[in-house]
Amino acid sequence: MTWYPPRIVALSWGALLGLLALTVFLAYQPLGAFNTVIALIIATTKALIVAAIFMELREHRGLTIAFAAAGFFWLAILLWLAGTDFLTRPQFPPPAIL
Amino acid sequence: MREAQPSFQYATLVQQEQAAQLGMWTFLATEVLFFGGLILAYCVYRYGYADDFAAAARHTKIVIGTLNTAILLTSSFLVAWAVALVKVGFDRLVAGLLTGAALLGVIFLGLKGYEYREEYREHLVPAVNFAFEAAHARGAELFFMLYFVLTGLHGLHVAIGVVVLLAIAHRARGGAYGRQYHSPVTVAGLYWHFVDLVWIFLFALIYLPGRSSA
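In order, the protein sequence lines correspond to chains A and B. Heads up, the first sequence is in the working numbering, so the first residue is 1 and it goes up one at a time. Heads up, the second sequence is in the working numbering, so the first residue is 1001 and it goes up one at a time.
Hints were generated in silico from the structure; no laboratory data involved. Remember, predicted model here, so these are calculated numbers, not experimental data. Check the hints yourself; a few may be wrong.
[Unchecked claim] Computed footprint of chain B on chain A; a stretch qualifies when at least three of its residues, placed anywhere within it, have a C-beta under 8 Å from a C-beta of chain B:
{"#": "1", "segment": "3-17"}
{"#": "2", "segment": "30-38"}
{"#": "3", "segment": "45-59"}
{"#": "4", "segment": "64-77"}
{"#": "5", "segment": "81-90"}
[Claimed, not checked] Computed list of chain B residues with no C-beta within reach of chain A, every gap over 10 Å:
{"#": "6", "residue": "A1011"}
{"#": "7", "residue": "V1014"}
{"#": "8", "residue": "Q1018"}
{"#": "9", "residue": "T1030"}
{"#": "10", "residue": "K1061"}
{"#": "11", "residue": "Y1120"}
{"#": "12", "residue": "L1156"}
{"#": "13", "residue": "G1174"}
[Stated by the list, open to error] Derived lysine to any residue pairs resembling SDA-like cross-links, with alpha carbons at most 25 Å apart:
{"#": "14", "chain 1": "B", "residue 1": "K1061", "chain 2": "A", "residue 2": "L22"}
{"#": "15", "chain 1": "B", "residue 1": "K1087", "chain 2": "A", "residue 2": "T64"}
{"#": "16", "chain 1": "B", "residue 1": "K1087", "chain 2": "A", "residue 2": "R7"}
{"#": "17", "chain 1": "B", "residue 1": "K1087", "chain 2": "A", "residue 2": "W3"}
{"#": "18", "chain 1": "B", "residue 1": "K1087", "chain 2": "B", "residue 2": "G1037"}
Ideal Cβ placement from N, Cα and C applies to all residues, glycine included.
This is chain B alone, in the form it adopts within the complex (with noise of 0.2 Å):
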């Protein structure tokens, strides 16, 4: 193979994967803030609403939630070993990773969808259909409001990053990428591993709140 260059800019290919990292990890301070600002509605109403957001979040499907976190965090796993695996070789088990790890994260948009397809058939959906016992509608139509606007959000990164593994699978099945030169996977894998995090915060606020009561 022939022997990897950094682009013009750098010294050394070393300081361009540093410069790459660093520019990911600016990215991911925007998306922090991004999905902060949602958080801190969803945290400032449910203080205000309490009792609703507990009502509301026992309609959301758990079983599902669970199911599509383990399948974020195994498709994470995947990444991971990748990551791993690149900076030595095997090139064709690197992309086969990868592409497992976009095929679980296709599954996990299916599952959303089927939820919303659910949701909509029990009138769960704020400014389509929303209907809800009066007692809790107020808070609960607020809960919903921000669950399809965090969860739509989440999925719209889900879907990027599906195309991001793809084509980096694809170059990687290509021996693109080696011991030298890696920092697309490295920085597509961050990028895969934030959009998992966020999930996991999703996942305790949306699905958890209110199941030991009534």
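One chain only, chain A, in its complex shape (with noise of 0.2 Å):
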């Protein structure tokens, strides 16, 4: 019975910030398309860490991970399904009218 925190959640919060300043330094490297890419990358990795440790996900299993996972499982089906549509189209955006 000790009253701070447990070791793994004080590291999770040491880790996430770890992981802003290096997605913040990394944005300002001069790295094209990849920019995006890692700054997309980092912050998944920083959600899942929030999602596993602080939100516990990590000490359940079957029906709490599905229902956790649903929304974005939607969410992905959405980001599929609408980027068929404005990737392959022959003029997107559309010319300005003025």
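Hints given; two lone chains; assemble the complex.
This is the structure in structure tokens:
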């Protein structure tokens, strides 16, 4: 029975702040299209740390994981189907009408 | 302390807590799609107006944005700490941690308000006083439209979270939670962590683009 935070929770906090510093630093490096990819990979990593440790998903199985994943599953379908539309249009965005 | 009892529709407190957690995850799934529609709109227009979005994103306040990210991550840490402690006692410390997290939320909102004021002064508010270099104006206006809607709705979630955390902290101080009954703390924690999670992606999409060029 101790009052201080569980070691993994404190380590996660440190890791999240470290990743924040890393993503800001890398955003200023000229990496072309990789800037966006790296920013999203780091954001996803941070989100997974929050979900697994802070939201305690690592201690849950089955039903809770399915409920937690459901929203992201449907979001993936939303982005995928909308992407097949906009990414395959011969002209997007439409020309400006003045 | 009196032995905690489950509500009448549950057989046990464990079952009651599982139901509460699944209920919150269901709500959060609707929140994912709520913000997801706006994220989709962002993706579509960023694909269509890549250069305009980069030019517009350079006008966001990266120092405040980064500071605010650190503030929300830290407040989430305090809540995760409180959730771990509430199962073993430490009522006053749990209340203090939740109050601290709520205060960080208030600081976040204050900095966000300062940011909005700066953007108003720089004529970056669509439909109010938007003015931008002509070459990028079209996409930049869409960027700032999405910026104000996304951060505004997120800020509303933070404000609601602050009220919830303060209410839970007040009850924790009165010894309402313990080893057996603590689901309001865990469920409010899930909501607060989710608000943090949304911000992690908003930060990457709003503040980071276009920093390495021009």
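Comparing the hints with the structure gives:
Only when three residues or more bring their CB closer than 8 Å to a CB of chain B does the claim for the segment 3-17 of chain A stand; here the count is 9, and the claim holds. Against chain B, the segment 30-38 of chain A contributes 4 residues with a C-beta closer than 8 Å to a partner C-beta. That satisfies the three-residue criterion, and the hint holds. Given as covered by chain B, the segment 45-59 of chain A passes the check, having 8 residues with a CB less than 8 Å from a CB of that chain where 3 are the minimum. Residues of the segment 64-77 of chain A with a Cβ under 8 Å from some Cβ of chain B number 8, which satisfies the need for three, so the listed coverage holds.
With a cut-off of 8 Å between beta carbons, the segment 81-90 of chain A has 4 residues touching chain B; three or more are needed, and the interface restraint holds. With a least beta-carbon separation of about 17 Å from chain A, B:A1011 lies farther than 10 Å from that chain, consistent with its non-interface assignment. With a minimum CB-CB distance of about 13 Å to chain A, B:V1014 clears the 10 Å threshold, and the non-interface call stands. Residue placement check: B:Q1018 does not keep its beta carbon more than 10 Å from all beta carbons of chain A (closest about 8 Å).
With a cut of 10 Å on Cβ distances, B:T1030 falls inside the contact zone with chain A, its closest approach being about 7 Å. Every Cβ of chain A is farther than 10 Å from the Cβ of B:K1061; the closest lies at roughly 13 Å, confirming the non-interface assignment. With a least beta-carbon separation of about 25 Å from chain A, B:Y1120 lies farther than 10 Å from that chain, consistent with its non-interface assignment. A cut-off of 10 Å between C-beta atoms confirms that B:L1156 is not in contact with chain A; the least separation is 19 Å.
For B:G1174, the condition that its CB be more than 10 Å from all CB atoms of chain A holds, with the nearest at approximately 19 Å. Under the criterion of a C-alpha separation no larger than 25 Å, the hint pairing B:K1061 with A:L22 is consistent with the structure, at around 18 Å. Of the pairs offered as hints, the one joining B:K1087 and A:T64 holds, with about 20 Å between alpha carbons and a cut-off of 25 Å not exceeded. For the hint pairing B:K1087 with A:R7, the CA-to-CA distance comes to about 16 Å; that is within 25 Å, so the pair holds.
In summary, the hint linking B:K1087 to A:W3 is supported, as the alpha carbons are separated by about 11 Å, within the 25 Å threshold. A distance of roughly 37 Å separates the Cα atoms of B:K1087 and B:G1037; the hinted pair therefore is violated under the 25 Å criterion.
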